[in-house]
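Colleague: Read top to bottom, the protein sequences are chains U and Y.
If you're matching positions, the first sequence starts at 1418 in my numbering and goes up one per residue.
If you're matching positions, the second sequence starts at 1418 in my numbering and goes up one per residue.
Don't take every hint at face value.
Which copy? The list can't say, so a pair holds if one copy fits it or any two copies do.
[To be verified] Pairs of lysine-lysine, DSSO-like flavour, derived with a Cα cap of 30 Å:
#: 1; residue 1: 1769; residue 2: 2056
#: 2; residue 1: 2081; residue 2: 2056
#: 3; residue 1: 1613; residue 2: 1776
#: 4; residue 1: 1984; residue 2: 1776
#: 5; residue 1: 2056; residue 2: 2129
#: 6; residue 1: 1924; residue 2: 2056
#: 7; residue 1: 2129; residue 2: 1776
#: 8; residue 1: 2027; residue 2: 2056
#: 9; residue 1: 1870; residue 2: 1613
#: 10; residue 1: 2081; residue 2: 2027
#: 11; residue 1: 2007; residue 2: 1448
FYI, nobody ran anything at the bench for these hints, they're computed from the structure.
Protein chains: 2
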Amino acid sequence: MARSAANPAVQADGSGAQSRVRDLEPLFAPKSIAVIGASRTPGTVGSAIPSNLILGGYTGVVYPVNPKAKSIMGARCVPSISAIDDHVDLAVIILPAPAVEKAVLEAADHGTKHLVIISAGFKEVGEEGAQRERRIKAIADERGLSIIGPNCLGVINTAPDVRMNASFGRDMPRPGRIGLISQSGALCTALLDYAKGHHLGFSRFISFGNKCDVTEVDLLRCLASDRNTDIIMMYVEDISDGQAFVNAAYEITHGSNPKPILAIKTGRTPQGAAAAASHTGSMAGSDEVYDAIMTQAGVIRVESVEDLFDLAEIFSDPVMPAGRRTAIITNAGGPGIMATDACIRYGLQLSKFADYTIKSLKFQMPPTSSLKNPVDVIGDARHDRYRAALDAIAADENVDNIMVLVTPQSMTPDAEIGQVVGEAKGFCTKPIVACMMGAADVAEGVEKLHSYKVPTYPFPENAMRALAAKARFAEWTRTPHSRFVQYDADKAAVEKLLEEEFKAGRKQIVELKALEVFRHYGFSLVPYALAKTADEAVAAAAKIGYPVVMKISGPKILHKTDVGGVKLNLRDEASVRAAFDGMIASVKDKMGDDVEIWGVLIQKMLPPGKETILGMSRDERFGPLIMFGLGGIYTEALKDVSFRLAPIRENSAYVMVRSIRSYKLLEGVRGEPPSDVPAIADALCRLSQLVTEHPRIKELDINPLIVYPQGKGVVVADARIILSEK
Amino acid sequence: MARSAANPAVQADGSGAQSRVRDLEPLFAPKSIAVIGASRTPGTVGSAIPSNLILGGYTGVVYPVNPKAKSIMGARCVPSISAIDDHVDLAVIILPAPAVEKAVLEAADHGTKHLVIISAGFKEVGEEGAQRERRIKAIADERGLSIIGPNCLGVINTAPDVRMNASFGRDMPRPGRIGLISQSGALCTALLDYAKGHHLGFSRFISFGNKCDVTEVDLLRCLASDRNTDIIMMYVEDISDGQAFVNAAYEITHGSNPKPILAIKTGRTPQGAAAAASHTGSMAGSDEVYDAIMTQAGVIRVESVEDLFDLAEIFSDPVMPAGRRTAIITNAGGPGIMATDACIRYGLQLSKFADYTIKSLKFQMPPTSSLKNPVDVIGDARHDRYRAALDAIAADENVDNIMVLVTPQSMTPDAEIGQVVGEAKGFCTKPIVACMMGAADVAEGVEKLHSYKVPTYPFPENAMRALAAKARFAEWTRTPHSRFVQYDADKAAVEKLLEEEFKAGRKQIVELKALEVFRHYGFSLVPYALAKTADEAVAAAAKIGYPVVMKISGPKILHKTDVGGVKLNLRDEASVRAAFDGMIASVKDKMGDDVEIWGVLIQKMLPPGKETILGMSRDERFGPLIMFGLGGIYTEALKDVSFRLAPIRENSAYVMVRSIRSYKLLEGVRGEPPSDVPAIADALCRLSQLVTEHPRIKELDINPLIVYPQGKGVVVADARIILSEK
């Protein structure tokens, strides 16, 4: 089902194998729709869909398919799609599950390429349903169909030249700039109902259910190219193809016309994931993986429906902030402090006003006003005072965002203040958000703010959280397009080496071979040589420089220490010579005289540095997942690690390093110099290229990667590579 | 102003010096009120207060005081309070700030003991106002008055036998069970307005402004004893007396009739605190201190006004949960997963149903229903199916909480479902919360739920977060009343020692004396002895056992290592003898022959263990603040520490240890045995008693306290005590 997740055919430029980009436009702007399973019985889905199409003002022609009825909603019924003497752009199927396969085939025979299968009774009900679903997917692939569903609510397009409500939701949503895709149909109906109370409208709406064919990635691309959609909302329980999702979402959020993607991904917790499995029959990945994927792709992951609407409200205003510096205008001290707290908590900054702003405020505000940020216009402020404060602050070059806070006091003219803020929105090039605290007492003011399309919140915390998310997204869109670093690596040599190890049946590669793999990809390694005799060992040690470490090397010798095959800190020729002979003897003694020995690995003894761990584990659904953490207890006990899907961009490598909690230890504490973070990032990018180019590598640990102070680099001290069994 | 924070007179039982417990009942149920500064001018505060009193249905008599008007709202005016021929229980003062002092004196002369000063122009406007405020406080103390304010909105009591609205808020709140106290007046008006939309009512309402006399602690005690108040909401920007607050709040939340305290404490962040200072002229403590105080006192600290109302909603239902096991009933899979995620995220657990419950559900639900938790009654469920599910689950002994989730689907009868849930609330002994997702489509259902007083939320996340807070509070109230441990310590000896050090002008106490202090309080110390000669040193070492550590000791020798005064790991008599002579010579060489030397400290060389840090720093406002953390980078670089105000209860000591992020390292990782946490808790309690009994100690660090495996104890390895300069 996943089209490229575990697919080895990733391009050398790291962009990943592209999924087929589907043209779904005929599905959203069909000239003709057949409703297969349309019904005259009120209260049924078969009745709701033709009714929603016709009452919703659909601009095309509806063909109800029902062999028993003559007409539905005044439209003449046909007994089957084959009886329609017209090309059918879209077929909506509402039949019982066992009858769906035949209907799909008939639609395909009739030349219809786009289908929405509303019917339930597939993957979500067990193996029999899953088989049914696989057969339908096979037909889609063979006949080149695009199918949404099964087990979904339908699709809606509010564009005035289409006005298609091919869903069984209660009514047509208000037209607007939000495109919504959802794996859960019930949530869609709730979201549409909430939206009514939020003055928010939708462009397109797709409930995609079991996504047997068209996936969230196809739908994201479709909304990205829709000129009526500015904001994408999505609800997903699992992502079919992590790699494709990251690529598509990154393009959408970071392209020339970036659109924010607000996502609820449920099944965050182990228990939640179990519920997801029983609901959609799909296996959800672990939550860390999803967090990593979302961050990497620039997707804004939200925790709740409330956050979803709070963010939709702020992103509905197209003005993007230039930075995080925020000014607060308030008519009350306490709420001003609450807004200040929230400002800092969510990662914004309080603006420090320019002198000219303070002078201007001083001239116009009463003497007891606080002229620092937050500006307190005092409880008796009328709209003129808000206007003066807005004028002054809008012109301040130290201000990126403006929040206007109004508490209803005895004489507060909330409607007039709403008007003033709305007018300011007309001339101000900075985002303005408003918070009118209260309910009935500020209702008129809130109404006025909505009419001017000023993002408006009842609580200062929600307003600040939304503003902060917008500021972060603005920064994301401004981040230079970070490239995938492409190193000049000897891919063929590694391929050959892995092939040989695999053929020899060695699932875990011994250190000597692992070092070779890393050498071919330009990792910084501890200087080493393989010595077959004591004389060679002495010569190698002299060349490498004392002190040295010696380790036995042979194709089957995995636990070197246990057989006396490791000696540390050897400081002269005599010790090396003695160690060589002693080691060979010990290993033969423990493993038998016929044990195959390649020789003894002579390595430079490393000076101490900070220990870090770089790892990769290949996920069946998502592909290679790269991990970074500090060595020892930080990774093992405190689970303080960061993840990204490979291939990673250069920026992502830096973000991975910086986003562990114990990053401070790499910055240098107690007077230590900072560690060489660029060298770690370089190693992460090399690792990314290595595992992307060699799908045969199933798991990999560099443990430890020793990190030295800034400018002194990193060294792979030990590593483990495990090959796929396939 | 703070009555006992920095007050050394803390009782030996650790309960702290009690503030005078004020009887504020006459203030809240006065038979007569003088409104000094009443006015006929509409739109003024002087007009709003008599108007609110009279139109609000106040049951007593109102005396407007205004020398220029004949009557206000039909009530005859008097020129001054002295002209009233009646006892005046409460005087409300609305005069300009400079006139307030005289009015307070006149009221006192007239026998009035309770005053509310609405007027602004005091501490919040600078030094002149602060002086005015101090003079008024002096009058209050001298004449035994209780004063609320200045700079406040007033007070309200909705009790039917009082019905007093002595505030200038817009109108009388609906009567209810919430008592609200707030440092910000403007926030109060907003809160009252929000409350209208939330079906919530208030018992008492106090805006306490600058709290020159009556503080949040007095008001908490007052609401605690009010039989009309079940829930306390508070908004504070600073707490005047941390110790008194902890004691009062602990009694209220953990007594025989516990009441939840929901608190917004602003000025969380450095920037927020700065705004607080400019607003109320008060210095706010650091946020960690406030978090510690709130946790210690059982106060539920919330981040936002929204959370405040969400929690008020759930606590309005008096049914308390027996545990965290939660059942979810839903008519849609997706929202069920969202609720499950939230359940786990906020620390609740999913119930595992008993077999009889599953059997009962199987019998009554359609075959495609999920009978596991969450129970999916399927999208076409009508109220009868909800009723059957509720009946089965309410009887399950594995269920502590029930959440009913409803999404509006085409046939969902929301009003009937609301009715069924409301009826279930009548017989169910477990908390039930409802979440109807949507707005217009579920309005009738929500109304029905409100009418049955079922806590109801629009989003599943808010519902779960509220439920989780209630479950935690229920656990807190059930925790056995943990005592302050009282050790048999030699308080007098320590007092004498500290006195001597202080008199000798030694601000930092040398190690030998610090060890004596700890010995008197029964801390586990490394065995030590002071040797004055080499022979004594050898004898002491033999008695203590090799290997030993030797450290020079003298009243002025603070930096022992710098003067060659420390030798480690001495393993025999000869080394000890040589070290003794060498050390004396080296110290005299570096510090001069006349340096005072007490001798050489001989200590047992400690086996390695885990290093922890115990500390205390005395805060001017809050008293002794105790800190715990792991040694080295964990405390210094990662700031991973926990705080509590001393005196601490035994439970708190355990919670302190468990609440650091790196606690896992004490549980034992990589096959290590767990550390001796009870011994750490014991040391924390001893430290608590030491610093409580000796206010002369300003700062103290035990760094490190070496911790051994469970049962093997802890040892104070090094310590530093700094005395107060007073």
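Colleague: Does each hint hold? Answer for all of them.
Modeller: For each hint, the structure was consulted:
Proximity of residue 1769 and residue 2056 under a CA criterion of 30 Å is satisfied inter-copy only: 28 Å between copies versus 39 Å inside one chain copy. For the identical chains of this complex, residue 2081 and residue 2056 are neighbours both inside a copy (16 Å) and across copies (11 Å), given an alpha-carbon limit of 30 Å. In this homomeric assembly, residue 1613 and residue 1776 never come within 30 Å of each other (Cα to Cα): the closest approach is 44 Å inside a single copy and 41 Å across copies. Taking the shortest alpha-carbon separations for residue 1984 and residue 1776, neither the intra-copy value of 75 Å nor the inter-copy value of 65 Å comes in at or below 30 Å.
For the homomeric pair residue 2056 and residue 2129, the shortest alpha-carbon distances inside one copy (27 Å) and between copies (28 Å) are both at most 30 Å. Proximity of residue 1924 to residue 2056 under the C-alpha cut-off of 30 Å is restricted to the intra-copy arrangement: shortest distance 27 Å within a copy versus 43 Å between copies. In this homomeric assembly, residue 2129 and residue 1776 never come within 30 Å of each other (Cα to Cα): the closest approach is 52 Å inside a single copy and 67 Å across copies. Proximity of residue 2027 to residue 2056 under the C-alpha cut-off of 30 Å is found in both arrangements, the shortest distances being 17 Å within a copy and 20 Å between copies.
For the identical chains of this complex, residue 1870 and residue 1613 are neighbours both inside a copy (15 Å) and across copies (26 Å), given an alpha-carbon limit of 30 Å. With identical chains, the CA atoms of residue 2081 and residue 2027 are at most 30 Å apart both within one copy (12 Å) and between copies (22 Å). In the homo-oligomer, the alpha carbons of residue 2007 and residue 1448 never lie at most 30 Å apart, since the shortest distance is 80 Å inside one protomer and 99 Å across protomers.
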